[in-house]
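Given the sequences, and given the hints that come with them, work out the whole structure.
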Amino acid sequence: MKVEAKILLALGLFFGVMGVVYWFWSREATGSVMMFAGMLLGFLPGGYYYWWSRRMKARPEDDPNATQAQGAGVVGAFPGTSIWPFTLGMGSFFTVLALVFGIWLLVPGLGLVVWALFGGVAESRRGGKV
Amino acid sequence: MVDTLEHPVDAFDDHGPGAEHGPDEHHGPTGILKWITTTDHKVIGLSYTVTAVIMLVIGGAFAEIIRAQLATPSGTLVSLAQYNELFTMHGSVMIYLFAGPFAFGALANIIVPIQIGAPDMAYPRLNALSYWLYLTGAITMLSGFFTAGGAANFGWVAYAPLSNSLNTPGAGADLWIGGLLLTGFSAIFTGVNLVATIFYLRAPGMTMFRMPIFTWNMLVTAILILLAFPVLTAGLIMLYADRHFGTHIFSVAGGGVPVLWQHIFWFWGHPEVYILALPFFGMVTEILAVFSRKPVFGYKGMVFATLSIAALSLGVWAHHMFTTGVVLLPFFSIMSLLIAVPTGIKIFNWIGTMWRGEVWFSAAMLMAIGFVVTFLIGGLTGIYLASPPLDFFTHDTYFVVAHFHSVVMALVLAGMAGLYYWGPKFTGYLLNERIGKIQFWFLFIGTQVFTLPLYLLGLRGMPRRMAVYPHDPQWKFLNDLSSLGAVLIGVSTILFVVNVVVSWKKHPAGDNPWDGQTLEWFTTSPPPHHNFYRLPVIRSERPTWDYNHPEHHAIAHAPAEVKR
Amino acid sequence: MESPALPPQGASTRSRRWRRVRRAAVLPLAALALSGCTVPTFGASQGVTTSSRSVFHLWQGFSIGAAIIGTLVVALILWVPLRYRRHGDAIPKQSQYHIPLELTYTIVPILIVFGLFAATMVVENKEVANPKTSVTIDVNAFQWGWKFSYPGYSAVVIGQTTQDPTMMMPVNTNVHINLTSTDVVHGFYVKAFNFSRYALPGVRNQFTLRAVNTGDFFGQCTQLCGLYHSLMFFNVKVVSMTKYQAWLASFNNPASASTASAANTAQRQQTSSVVPSKPYASNGAN
Chain A
16 MKVEAKILLA LGLFFGVMGV VYWFWSREAT GSVMMFAGML LGFLPGGYYY
66 WWSRRMKARP EDDPNATQAQ GAGVVGAFPG TSIWPFTLGM GSFFTVLALV
116 FGIWLLVPGL GLVVWALFGG VAESRRGGKV
Chain B
451 MVDTLEHPVD AFDDHGPGAE HGPDEHHGPT GILKWITTTD HKVIGLSYTV
501 TAVIMLVIGG AFAEIIRAQL ATPSGTLVSL AQYNELFTMH GSVMIYLFAG
551 PFAFGALANI IVPIQIGAPD MAYPRLNALS YWLYLTGAIT MLSGFFTAGG
601 AANFGWVAYA PLSNSLNTPG AGADLWIGGL LLTGFSAIFT GVNLVATIFY
651 LRAPGMTMFR MPIFTWNMLV TAILILLAFP VLTAGLIMLY ADRHFGTHIF
701 SVAGGGVPVL WQHIFWFWGH PEVYILALPF FGMVTEILAV FSRKPVFGYK
751 GMVFATLSIA ALSLGVWAHH MFTTGVVLLP FFSIMSLLIA VPTGIKIFNW
801 IGTMWRGEVW FSAAMLMAIG FVVTFLIGGL TGIYLASPPL DFFTHDTYFV
851 VAHFHSVVMA LVLAGMAGLY YWGPKFTGYL LNERIGKIQF WFLFIGTQVF
901 TLPLYLLGLR GMPRRMAVYP HDPQWKFLND LSSLGAVLIG VSTILFVVNV
951 VVSWKKHPAG DNPWDGQTLE WFTTSPPPHH NFYRLPVIRS ERPTWDYNHP
1001 EHHAIAHAPA EVKR
Chain C
129 MESPALPPQG ASTRSRRWRR VRRAAVLPLA ALALSGCTVP TFGASQGVTT
179 SSRSVFHLWQ GFSIGAAIIG TLVVALILWV PLRYRRHGDA IPKQSQYHIP
229 LELTYTIVPI LIVFGLFAAT MVVENKEVAN PKTSVTIDVN AFQWGWKFSY
279 PGYSAVVIGQ TTQDPTMMMP VNTNVHINLT STDVVHGFYV KAFNFSRYAL
329 PGVRNQFTLR AVNTGDFFGQ CTQLCGLYHS LMFFNVKVVS MTKYQAWLAS
379 FNNPASASTA SAANTAQRQQ TSSVVPSKPY ASNGAN
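Just so you know, the protein sequences line up as chains A, B and C, in that order.
Residue numbering for the first sequence follows my numbering, beginning at 16 and increasing consecutively.
Residue numbering for the second sequence follows my numbering, beginning at 451 and increasing consecutively.
Residue numbering for the third sequence follows my numbering, beginning at 129 and increasing consecutively.
If you're looking for bench data, these hints aren't it; they were derived computationally from the structure.
The model shown is predicted, which means the values in this text are computed figures rather than measured ones.
Just so you know, even glycine gets a beta-carbon here, dropped at the ideal spot from N, CA and C.
Be aware that a few hints might be false.
Unchecked claim - Quick partial rundown of chain B residues pointing at chain A, CB under 8 Å, derived from the structure: (1) Trp582; (2) Met656; (3) Thr877.
Here it is in structure tokens:
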């Protein structure tokens, strides 16, 4: 976990330094704001991973001498099939088309999105099957 | 030395009350319903591959029409308005709908989880959603051609205020924005998925510095996607608001700043260049190593080069805006020039990988070498453009067009190499090598005949995006040469389709046709539902190689921590 | 490439490092100094302004570097796989790291880059400088044409797609140009000046040109600006100062002034409903 954290922290640090240099050299707001946003995008997850990496044991994938047996057990729930991504995708499609062809398309669009969100969450609760 | 433990199958099984099937007896819906409901990263990746190749053909067809129009100075094949639509959609299709999704949707989706020994992507359903957003985004963007006003026609960069509702009314432009919103979210979700997969689903012993270079590059690409794409999405929403809600973010009349769009667009747009390029760098790295039967030369240098390209790429956006006269020239000039350093390291490492190897000239290897040559040309001309005075000289002329077509045609070569190399893994069948080699020569020579005259054309002063041009014999000759190259590239694309048809289910590939080095060559072709029946012990970045050739470990010239 | 001995402390290290940086910076500049008829043009041309010439020399310097490096690397890329092509089933030595070599091809490019940057800055500072001058031209770009006006004089030239306007400017004089746009982003580009600059709405872009030759030159819009972007041309006529003054004075003649303003109105009206009549644009917008 430590390497992952360090990569993100290093990127955040780089953007922070660049942001400072850029702001004081150019006084141009747009780029400076975006650089600092980039810094936060490095620091937030990087800091989170770093915090955890100090509080957890090395995982088998962080252990250079791990055997495959150490990875045995539940990896996670991976649903075999699911209709909800398709439903959500179509809902987003209609929602975006509403931007072009008229507000009425929001009715099927947002309807499908909400339906898919409920369906997907329910699917997860039941452990990957509807 | 290397002991293989049968991996307990149920470790990678579906867990949860309802998931009772094991990896080899996967039952599910079939036919179109299977395609719609699948969450298997390999099936989604295959859908991505097919869709992206269709987009390549569509974008390529636009390019052929453009080159046919330019073969004569006063071409009458298309009208001025149609020409603007064509190059806008050519750029948009190629960049938003082909190159990116092909790299991080198609090949990364299939290969990354297998390379790190994961059963699937971290969020399989989110992965499926990415694909649907990509497909619907592509349909949305292209459907502009069927509206009354035609497709978007403000160039793929959509500079404000040309892209406002006054200068570009009509549904085509809105469909373009809508399509980009969808594909943008698709890319963001893929980025989240890749980062989570690489951080959390690696097999035991697969430490970060044992990941194959392709996976490393995809990780960095995914991080870049997360940094850059939200900026584009925000910019598109602002643009839409300007067009329809009466805001004046980009219009002078209401106190807005048109250049703001360029800042936002290129803050996404330059990292995007590397989002497109890094996956292909990764593919080529793997291919050069496998077909030289050597480890990747300078593995760690390669990783740090990738990371520094990513970091620098976010500080160079305004080198697209040197001629606006309102950006800080020295800062962007030195940052852009510095990107040449890690890129150079990569090129030298590629040569080092082949050095004293046993180079097997397969179709994939030829394309990978063709990539390095073509990319070198594109890279060297990129150094010119990082120098503001030379950019003033060549900006918006065909020199720039030639530069980035050298780069992107190199990426097409790399992508083809990737298909020849990994295609057998996910289809189970080899492509015909002889047709592949003929295709390579058409593609490689075509690329050079297509791009090299454009450099000269730019230096002779021809601006880009001209449907008609003054009668200048030199311009016409160079344009004709370039059009000839475009025809050769078109032939190579047809040869690829022919190859897929001819070698359909002909030559079973076997698990490891190329003596591959990374984990994907350890499993079957195509891999089972959750990828692995068993895994080898992972002690380096080449587990499959270590398993097959236990006595041939990587060695370092200098005492470095190689085998960590 | 480094000597194995420990570097001495303090000033001598720094001065040595600086000398190295300077040497790297001097190389391309030396190449520039050598340029002339003996150095190939690499496809570019000298141009007719002072800055176009320094840009041309920078171009030559970059091209010499690119040609040397490019040839070497392409030769390596092609020679290595051919030299080490597969003969049997042997497994080669699995060498993976060579730290000194890797350091070399990290450090040398960094030095080259700083050399290129130094050369760039020299030319750039010359090109973007705005020295004092008495001649000013206001250039205004619009869809799809150009308007050249001369502050302090009544001279105004307007033209669009059907009729390219001409920008008059004196030779051997610093000409200050104020570049603006009334609608979308346009690009002011004259090939013979080796120079382009965006015309941005809401921004006044300023730069100075100093032509060293008289003659007629060709300019056009390089940034996509809508339907007739491919037809948005203009001409530049560089004349002697006396001819330039005479030309300016001709606008003070009331008769020609009135014709000029009449032409002005006619053109303005035409922009809204322009149909290009050039032979090569006959297909129009349908």
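Results for each hint:
At about 3 Å, the closest approach between the beta carbon of Trp582 (chain B) and any beta carbon in chain A falls short of 8 Å, and the interface hint on this residue holds. Interface hint status for Met656 (chain B): upheld, as the beta-carbon distance to the closest one in chain A is roughly 5 Å, under 8 Å. Proximity of Thr877 (chain B) to chain A is violated relative to the hint, the smallest CB-CB distance being about 21 Å (cut-off 8 Å).
Consistency note: the structure conflicts with earlier hint 3 alone.
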